[in-house]
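Number of protein chains: 4
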Amino acid sequence: MFFASDNWAGAHPAISENLSRHAGGFTSAYGTSELDKAVEKTFCEIFEREVAVFFVATGTAANSLSAAAFARPGGIMLAYRDAHMITDEGGAPEFLTGGVRMAGVDGPDGKIDPDALAAAIRRYSPGSVHSGQVAGISVTQATEIGTVYSLAELDAIGAIARENKLPVHMDGARFANALVSLGTTPAEMTWKRGIDVVSFGGTKNGCWCAEAVVFMNPEQVRDFPYIRKRSAQLFSKSRFIAAQFEAYLKDGLWLDSARHANATAKRLADRIASSKNARLGWSVDANELFPIIRNETVKKLQEAGAAFYPWPTPAHLSAQVGPDESLARLVTSFATTEEEIDRFADLLG
Amino acid sequence: MFFASDNWAGAHPAISENLSRHAGGFTSAYGTSELDKAVEKTFCEIFEREVAVFFVATGTAANSLSAAAFARPGGIMLAYRDAHMITDEGGAPEFLTGGVRMAGVDGPDGKIDPDALAAAIRRYSPGSVHSGQVAGISVTQATEIGTVYSLAELDAIGAIARENKLPVHMDGARFANALVSLGTTPAEMTWKRGIDVVSFGGTKNGCWCAEAVVFMNPEQVRDFPYIRKRSAQLFSKSRFIAAQFEAYLKDGLWLDSARHANATAKRLADRIASSKNARLGWSVDANELFPIIRNETVKKLQEAGAAFYPWPTPAHLSAQVGPDESLARLVTSFATTEEEIDRFADLLG
Amino acid sequence: MFFASDNWAGAHPAISENLSRHAGGFTSAYGTSELDKAVEKTFCEIFEREVAVFFVATGTAANSLSAAAFARPGGIMLAYRDAHMITDEGGAPEFLTGGVRMAGVDGPDGKIDPDALAAAIRRYSPGSVHSGQVAGISVTQATEIGTVYSLAELDAIGAIARENKLPVHMDGARFANALVSLGTTPAEMTWKRGIDVVSFGGTKNGCWCAEAVVFMNPEQVRDFPYIRKRSAQLFSKSRFIAAQFEAYLKDGLWLDSARHANATAKRLADRIASSKNARLGWSVDANELFPIIRNETVKKLQEAGAAFYPWPTPAHLSAQVGPDESLARLVTSFATTEEEIDRFADLLG
Amino acid sequence: MFFASDNWAGAHPAISENLSRHAGGFTSAYGTSELDKAVEKTFCEIFEREVAVFFVATGTAANSLSAAAFARPGGIMLAYRDAHMITDEGGAPEFLTGGVRMAGVDGPDGKIDPDALAAAIRRYSPGSVHSGQVAGISVTQATEIGTVYSLAELDAIGAIARENKLPVHMDGARFANALVSLGTTPAEMTWKRGIDVVSFGGTKNGCWCAEAVVFMNPEQVRDFPYIRKRSAQLFSKSRFIAAQFEAYLKDGLWLDSARHANATAKRLADRIASSKNARLGWSVDANELFPIIRNETVKKLQEAGAAFYPWPTPAHLSAQVGPDESLARLVTSFATTEEEIDRFADLLG
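Protein chains in written order, with this note's numbering: chain A, 1 to 349; chain B, 1 to 349; chain C, 1 to 349; chain D, 1 to 349.
In isolation and in its complexed conformation, chain A is listed as follows (with noise of 0.2 Å):
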């Protein structure tokens, strides 16, 4: 019952398979091999065209550096209030851009509201050198709630970066997630609604190491290679993040990884709807299910070796959560198994 993260979980036996097959031999270092070249193609082919791929280490790396490739002097990038890059990168996003700096931007459902962002551009844009430029915009899809933006909230999030020329950025930790839960394409969730990069996350849904900054428009960012560099983030054996993602993304298994994660949080969810010691904090789009549970039952729960995070009670929602319950949160993934999540919906009752 391993509901902390799903990052608690380890990788994909196909995943881990497929590095064993290419641990032995020769080729050429720093993302110039053949299985490199193979797997950037592939990208172009999920993406429906060009992109420029860039292996990172992390997801903290891949939001940071995919700033970084935006920044500008005084630059500030507005994302969302509680936004991972705000509060959970401990300031790589500001030191490794250079100084550019995070501003949250509220919203409803973890999501940025586009009024709140056009207001937010305006409070910045008057071409005053005090208040700083905003530099860019970043979404996080899944969120970091657990919901999803739709293609209609995407858009009014890029008709106003248009309208005001700037970058948008798409934390794609979660993206697979994302996307089988809407049901689209990569192209239909990103560059059709105007993102201009996104962090593909592989790490949380099945992969070891597999972090990828892709960039919708290659001839933009014809620095990035050097940005990545000073920043440490070139690997030498890089085929060993390749590798990874060639089987992640073959037939489709990055898909079905991501799907198996939702139905298993939809599961939970099923169950805690009609429990009597827990009800959910909002909806479940994707694999994070936050309920608020009994407190007892919490206790009973972790007594029995189930794994998970309180989580701090948003204001709108103070009211709703008794002295008796907190609010939880409960990850789901690939590895997560519905015999689990069963053992745990009964302790739950």
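If you're looking for bench data, these hints aren't it; they were derived computationally from the structure.
Please note: incorrect hints may appear among the correct ones.
[As the list claims (entries may be wrong)] Label pairs and their in silico Cβ distance ranges:
(1) T32/A <-> G322/D: 50 to 60 Å
(2) P13/A <-> P218/B: 35 to 45 Å
(3) D223/C <-> T32/A: 34 to 44 Å
(4) T32/A <-> R123/C: 38 to 48 Å
[Stated by the list, open to error] Now the stretches of chain A that chain D is said to cover, found in silico as 3 or more residues with beta-carbon under 8 Å:
(5) 67-77
(6) 129-137
Even for Gly, the Cβ is constructed at its ideal location relative to N, Cα and C.
Given the coordinates of chain A, assemble chains B, C and D onto it according to the supplied hints.
Using the frame of chain A, we list chains B, C and D on its own:
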């Protein structure tokens, strides 16, 4: 006949297998798993003292973050003139330290000359804010040109460092190759000589991606977890690095691999010594050779499929390299076979 | 009728004259002259303790370098939500600290609320590398909206800082205005309350360009000369800053100038209180006023040559500002005359 | 007898008076006043084209922010081996560019050798991410050792820059001294030779604090206002810098002051040429002299109150400086008198 670099090799089978062995199950993330802790303990045993171990993604990261740990404003890090940190890391040391300048010190055999080091420190030392302040010294062991500092040579540098209250960093991208070359222990080659922090490289010696920053005095580096995080070098599934190091350090695999690489280099050196088309530019201490080869022989070798790079002729050799000759770099690894060596040597003539 | 900002005024005649008096002759550069040393001694007398004084070019530099002195990796500096360092310094605090993030804390009257401060520290404190670590607290005295922290209010913040072993910075762009408003001494308003470093502003109060970073514990900041130099803030002809401060601090000129500015603000506040076209948004503690003025009156004033800026209406006032009214900011200075005040007030009606 | 540096002098009376003349009144801040604009226009006239002018606090700031304007990730700025930016700015160029590395190029007479420059560019150029990318070239005019690039020498550097599409910066801390030494115009010495940006120094030549970054192509530097602001170099009472430049540039005061400084240097050079206790290390082009003086004479001069610094003997001179001699640096300024020169020369013997 792959002698371009030791990072062209893949993974040692024992390391690849251990990675697969740890593929399944669930563990806590970000370096807190039991496996991570066990590997940290192994490092303490190997270094015969309490050390602090931090995994990072690349050798450049290990070097740059080591420097960041001892960074000071207006800081200058002294290293050998052609040290990897100065010539081959794309500005990462400067960037990830927030502006520490790498400054070169001269010396013979690819090593810092102690007198030149003392002079460089004096040049910056008079408390002049204009010239900056020396923040540390970095030595590469084995060096970029395949030589190895003797313990006495390290002592001389350590003594100067202590006298000037300066920390010493060891770029150990080829730590194991140097260690077995000297036939000494990690403790003898590091903290007993005055080394404060080591970039402990596993990647070039049979891992896929396993680099660690190892501090000899854990209490000195309380802020290092934040330094690593802000540089986006904290792996979520950290156990996959730990799994590599577990196998690497078990039963002396790392030392055996390095001995093998050094021995194949020695075998090739002996063959070159008796060749009429090539001779060594300087002696071979570890797993890198720098032969002067007749240009037509270079061509013949490459046509036969041998992979290796030309190397810029150092000033002191320029008179000895004829117009129809060139200097080359050959690197052996754990995966180099005697057959390859012999085939290359036969072609060399 | 220049009320746009106190930095629209020029130099006090006594300061201008002293600068001319020191124009000739030769002295050693970079802050080592006799005059520099004499002024440093004056600062020690004023603060009633040994302090370390560093001249810099701008208030933004004083604030940013103060933060840099206490910067930590992944560091977070807490300040009032709308503090100048957060909203009006173009990212300089982030840039010149190497990535410290400015984070806002809420509170009434433009001041940090101690409870909100304690909560913010707790939010970041659990040693979680992901959220970063609090590196310091900054208070603005007088605040950006013209209010002044009482000594008790500063005490409350100082106590929280000590409890959490955090340094406290005071943005004293209007230090003198706050001081005379409270009728207290520099020692009482700073180190006796737990302040560690002050951005001591002279520019807004009658100097041309005279800002100093004043550390209460000189031994804490041995690296600060290097921090200033790497930020290009070390003047060669430093004596010209010293000459301004010499006159500024002599015979209480700085306090008299601040008293004059505050008194003219008070005179205007009294007139606004009796106006039928305007009322104060909140009380006036120093030399800034924030009246709500009828839009047609604003227009009339501007047409008559009055210079002042509109000010965004804070949330708590929004219900009180009618559709035909706006909030404005008026700032008085050492150079403001009673005639100006009266002319403006007469126009106000 | 103050020959330690031209920054030991104070302000020219005409500049000091103009500052006082502009002391009163109210004007808009942050460089938007009428006086600021008028001075910008004067710069355009002097350079015979539309230029963009930005005042900053120090020469180090002018140099570092010029570099920042053309910074690139992994960037390398080439300058003369002992350029001020490399040896005397405390790491500010690295820090304020976000990590651009200053790399030294050799040459005779304190100047970049064009062949060495071309070789350095080739060394970094092959698109190798490891070595970084050249981002620009900086020349110092007059040089750090008092020599002056001829127009033909600047042309040679400009041609290499254009060929490699690299911007060229001129460190003009002693711009005026070089200009009158060559008897040419600002246009001829800068953009007609391929210079893109100039650190235009006024401080050493009679201002108190007046440095400007002057871009030859204003449209290239739309982000520069933000670069200056994030570096805390935007003065609020900017008019006080403008007032200095107004007087400095009026009626050729700046050229007359430089001519005076150069002439007194020439007068001293002539006296040294006929001295039996000293001789010039190299020829004098502007206002700096580097004589080799007998040690006992150095002592005698210093005891008589002469202020000047010893200077490290360059390698090519080391054979010529005897054990009882030392190299010294003497700097004259607008304020140097013929009496001082003659008194010094008489003591020299």
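Status of the hints after comparison with the structure:
1. T32/A <-> G322/D: 50 to 60 Å: For T32/A and G322/D the Cβ distance comes to about 57 Å; the hint holds.
2. P13/A <-> P218/B: 35 to 45 Å: holds, 37 Å
3. D223/C <-> T32/A: 34 to 44 Å: Between D223/C and T32/A, where Cβ atoms are some 42 Å apart, the hint holds.
4. T32/A <-> R123/C: 38 to 48 Å: holds, 45 Å
5. 67-77: Answer holds; 5 residues pass the 8 Å Cβ test.
6. 129-137: It holds: at least three residues are needed, and the stretch 129-137 of chain A offers 4 whose Cβ sits within less than 8 Å of chain D.
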